[in-house]
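Under full-length UniProt numbering, the first residue of the sequence shown carries the number 1, and numbering increases by one thereafter.
Just so you know, the hints here were simulated from the structure itself, not pulled from any lab data.
Small disclaimer: the values here were computed from a predicted structure and weren't measured.
Some hints here could point you the wrong way.
Restraint ranges, calculated between C-beta atoms of paired labels, are given here [stated by the list, open to error]:
| no. | residue 1 | residue 2 | range |
| --- | --- | --- | --- |
| 1 | 84 | 241 | 33 to 39 Å |
| 2 | 88 | 241 | 45 to 51 Å |
| 3 | 32 | 71 | 22 to 28 Å |
| 4 | 241 | 15 | 48 to 54 Å |
All C-beta atoms in this analysis are idealised placements derived from N, C-alpha and C, irrespective of residue type, glycine included.
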Amino acid sequence: MHADELDLDAPPVQRLIARRFPEWAALPVRRLPSSGTENAMFRLGADLLVRLPRRPGAVPDLRREQRWLPRLGPLLPVAVPEPVGTGEPDEGYPWPWSVHRRLPGRNPVTGAVREPERLAEDLAGFVRALRGIDPQDGPPDYRGGPLQDRDEPTRAAVAELGARVDRGAVTALWEESLRAPEHPGPPVWAHGDLSPGNVLVDEGRLSAVIDFGCAGVGDPAVDLIVAWNLLPASVRDAFRKAVGADEAQWARGRGWALSISLIQLPYYWDTNPALAENSRHVIAEILAEAG
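Using the sequences and the hints, build the whole thing.
Pasting the structure below:
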């Protein structure tokens, strides 16, 4: 997916584990399929996961998780990754890496969400809880700044997509989002990448949220993206009310969802079919809402 990423497979990961954690050396290592773009995931035995950055730009995200997950996790209503081991460069692998406990659940399928009302309620509860954590000393949210900062790359993506999208319609919707008032209060905690691949469900309920590499403090509107990338239109109003988003925050959240999808779509069109398909879904949902 990226020009600077490493191609990782199980044997070198097995060697890394054996060198750093000899107590786990006998456990089998298996690569897990994932639509994630920054890290490779490997199952380690039955209960552990190994998470390794694929490229240099993912290393700060891993360090962020290692530092902040132990603080955030106990304050959240669902499970989050629990780091149980930290690895360092070795065996030809050049970056730090983590071992986490395996979490229950599976990724929901956009367009086929089981019990969407309950999932919307659970997601809203997670967002509210995260927003309520003391933001003091928290790092800036990777996506927590003003939408205006994304204007240039968003317009460039629209131009690159060409006839693959309705350029006039998506540009008009993007400009509408830019007119929304900025976040008026102090920065608060946000996950920053609340997408289907980072949500786990079990029996229709939210069981875990993973990948906190973008998490930090900023505009809370970014976590509203899940209203379009996962939840069906029928429960969006309920999600909005449960989160407590006013019109301006909702408009910024819709702008975030649109911008992320427009930028992702041409970049991952051929290299990450799942992410490209979800981007197309988000764009279609927002266009449908606008009529």
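Original post:
Out of the numbered hints, which ones does the structure contradict?
Top reply: none
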